[in-house]
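> All chains, full assembly: derive it from the sequences and hints.
Each chain is listed here by its residues.
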Amino acid sequence: MSALNPSFGEFVEERPALSRRAAAFARSVPFGIWIASLVVALFLIAAIFPQLLETTNPYNINLAARFSAPSAAHLLGTDQLGRDVFSRIVAGTGESLSIGFGATGIALALALALGLLAGLGGKVGDAIVSRLIDVLFAFPVLFLALMVVTVYGASVTTTMFAVGIGTSAGYARMIRGQLVAVRDAGYVEAARAIGHRKTKIVWQHILPNALRPLIALFTLGVGNAVIWASGISFLGLGVAPPSPEWGAQLAAGRDYTTAAWWLEVMPGLAIVLLAVSVTVIGRHIQARLEGTVRTTLL
Amino acid sequence: MHARNFGEAVNQQQQPLLKVESLNVAFGRDPLDHPVVRNVSLDLYAGRCLAIVGESGSGKSVTARTLIGLTGANAKVATAVFQFEGKDVARYNDRTWQRIRGKEIGFVSQDALVSLDQLRKVGREVGEGLKLHREVRGRSALEARVIELLTEVDVPDPAIKARQLPHELSGGQRQRALIASALALDPKLLIADEPTTALDATVQAQVLELLARTRDRGKALIIISHDLAVVSQIADEVLVMRDGEVVERGSAADVLSNPQHEYTQRLLDAVPSGHSRGARLSHADAPRLGKVTPITSRHDGPLIEVSGVAKGYRGPDRILRTAVEDVSFSLGVGETLGIVGESGSGKSTTARLVMALEAPDAGEIRLLGKPWSTLAERERRDQRHRISIIYQDPLSSFDPRWSIQRIVQDSVATFVDGEQEQRRRVAELLDLVGLARAFHARRPLELSGGQRQRVAIARAIAPSPSVIVCDEPVSALDVSIQAQVLDLLADLRDQLKVSYLFISHDLGVVHHISDRVLVMNQGRIVESGDAEDVLLRPSDPYTQKLVSAVPRLQHRPARAARSAA
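The listed protein sequences correspond, in order, to chains A and B.
Each step along the first sequence adds one to the number in our numbering, with nothing skipped, and position 66 is 65.
Quick note: to get our numbering, add 1 to the position in the second sequence (first position is 1).
The set of hints was computed from the structure by calculation and includes no laboratory data.
Keep in mind it's a predicted model, so treat the numbers as computed, not measured.
All C-beta atoms in this analysis are idealised placements derived from N, C-alpha and C, irrespective of residue type, glycine included.
It is possible that part of the hints are untrue.
As the list claims (entries may be wrong) - Here are the in silico distance ranges between beta carbons for each label pair:
no.	chain 1	residue 1	chain 2	residue 2	range
1	A	Val-28	B	Glu-378	41 to 49 Å
2	B	Asp-495	A	Trp-33	18 to 26 Å
3	A	Ser-18	B	Arg-553	30 to 38 Å
4	B	Gly-279	A	Val-28	55 to 63 Å
5	A	Asp-183	B	Glu-533	38 to 46 Å
6	B	Glu-246	A	Leu-17	53 to 61 Å
7	A	Gly-124	B	Ser-397	24 to 32 Å
8	B	Arg-319	A	Gly-124	49 to 57 Å
This is the structure:
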């Protein structure tokens, strides 16, 4: 038995070199994902180095050019104070993205704490924490935002926390579900049979396997959070004008929708574009982890 | 064998019911066609049973599906001749096939649980074909016919069962209902893909008997199977396939008792049974032991003592179901104790109790003369290296993210210090079980079933245990791979002097490898003793029923010349 017997069909191919594997990987990524990644990269640049993408100073008031439609001079038009819409969107990317990522981070941190207690805390822990999660679930995000803002005032941070806490319940349930599934897995029992201690098993097996899907969850959550934040700002509960945050822009341009449609549509498009790109990438990561990558476009 | 008068009379017919010549099936997009079936030819007459035999990847299932036009997407099917009842079906498109399917040719899939819609009552599933082909008009007439069909296949209480959902029927009843639905339209040809896999021996015997009756009524039968013993019970002709090609063909009697092709011979040699005791089943070499020393147990007396153990579980309906009751046995040094039983007999529960993965409700288990089941887990952990377990499905017992190297090292690390030393020991172990260096960095998903089981074996022998519990370790493997793994287990036992608690539903495997045998039925031990005594001269009625239900291959004289390699 020191040599495999190929004629009985046990032969498995050798693994090709790293460069070939990398090339194969690149080829396997659908075209749409490359586009989405490019879009997200651009947004990230806009967030960190807005000066690179802004065409003019976003805070420059120029009353002579107010309400001008999209043109060569102003790619996406100007607002009621003559400020270039394109540059304002670029300037607002930082705040919008930080709310998006920040809120998702807060949501996941809270969800992890709750989910771990529920999944690994035994019957009692599960019962108590699950009810807590249920309570959280019962609060609409908007309602929570209202509560937080009333107490702490409207700002980037409060919006972040409002959205974060509001969306954490769903993630907590998912994490708990994963943990419950993994703790009954065959390899956990095999580890017990070898004689490992419980903490070692949790650390080595249960946590890594249960939390692997969180990667995809994070990217999906960011898109979701950005939309929530914009919605909250639009209602006046979040970041207020003159901030170039996208939701604030939507709020400011609300009164001029018929006269200057680009004031609403352009920031809206930015929100949609970011959310869709991040979601598309998230779904692709999910598909890769599950091994179900299929179509060539998306 | 069953009455073959009808078959012989019909053989006078000039025209075969099914005639296939040079069947070629390939999958994949141009130009990377992947040939799956190559140049397969067969003739089938009414009232005869043809068995297509082969291992995974041999192309037998694809062939069966092609015969009913269900090869699948991306398939390129080419034949020189493909005739059913004299009509050329090679050119048939899906629409024309639909007229034949169910009505002229019936198809029985492997897993009844998967093939029957879980949300529809059994009666509706069975009657679906009748309704589709408009054979019966009116709901009451349909119901009556369905009950008639279920009665013909010996499903008890057919009127009640027809109104139940598939999961409420037992495995055997489900399979019979599936056969009933295939026979509903009285097709001339019935194709059954692995009809008895996953069924208990006694149920398997009943299903085979039903299929034989179907053949005797004048229908033609094609059975796909990997189980040569099952095939020997029912087939008139046998086709042996390997890698998409037919390597041998002939009457069942000829092929199974006097095979000409080397592959068929090896396949038959690989089947474990009472006749192969002490002999090697495969043609691979024995492992080189190297520096791994035999496990010397300083303990005299039995390694494991189980006394009066009982265990029950509460289902979601809060009813206590006994899994194991009043079980007592012992396992001695260097001994292989086989535990056989059908599903639900309690053998797996016994394994888990012996491994102390669960606590018994009553009774005690002692390991190496010291308390084992009564110990607190904290103390027991230190002793766990004395007993290991190998599962039926090794894949689920491996962390999917880990490489094989890491999986085995995880076990080694409990008693060896230092990364270098651990790696050396891992390499030694993997060498011992016959896994080449190239595989050490691979993940379990990248390995075949047999290779995974070898990794499981390497992990199990790593702490030099005195006892290894084997819970159906070869049940999910192809015959030839099973042979290799059984040989490996036997070699390790001989050289390391380890004791096995070998659990299996397969009497042949247990007979091949065990010294003593326990027979379990519904949680109790009904018979125990020497393997030869219990399995050849059973005294308990249940054991007798079990032993007689298991299909056996005829003993080939060639084997006697090759024993004790």
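> Compare the structure with each hint and give your call.
Structure-based check of all given hints:
1. Between Val-28 of chain A and Glu-378 of chain B the C-beta distance comes to about 48 Å, which sits within the given range of 41 to 49 Å.
2. A hinted range of 18 to 26 Å for the beta carbons of Asp-495 of chain B and Trp-33 of chain A is inconsistent with their spacing of about 59 Å.
3. Distance hint check: the CB atoms of Ser-18 of chain A and Arg-553 of chain B are about 55 Å apart, inconsistent with the given range 30 to 38 Å.
4. Between Gly-279 of chain B and Val-28 of chain A the Cβ separation comes to about 56 Å, which falls inside the hinted range of 55 to 63 Å.
5. Remark: the range hint 38 to 46 Å for Asp-183 of chain A to Glu-533 of chain B is upheld by a beta-carbon distance near 40 Å.
6. Against the hinted window of 53 to 61 Å, the Cβ-Cβ separation of Glu-246 of chain B and Leu-17 of chain A comes to about 37 Å, which falls outside the hint.
7. A C-beta distance of roughly 26 Å is found between Gly-124 of chain A and Ser-397 of chain B, which places it inside the suggested range of 24 to 32 Å.
8. A C-beta distance of roughly 23 Å is found between Arg-319 of chain B and Gly-124 of chain A, which places it outside the suggested range of 49 to 57 Å.
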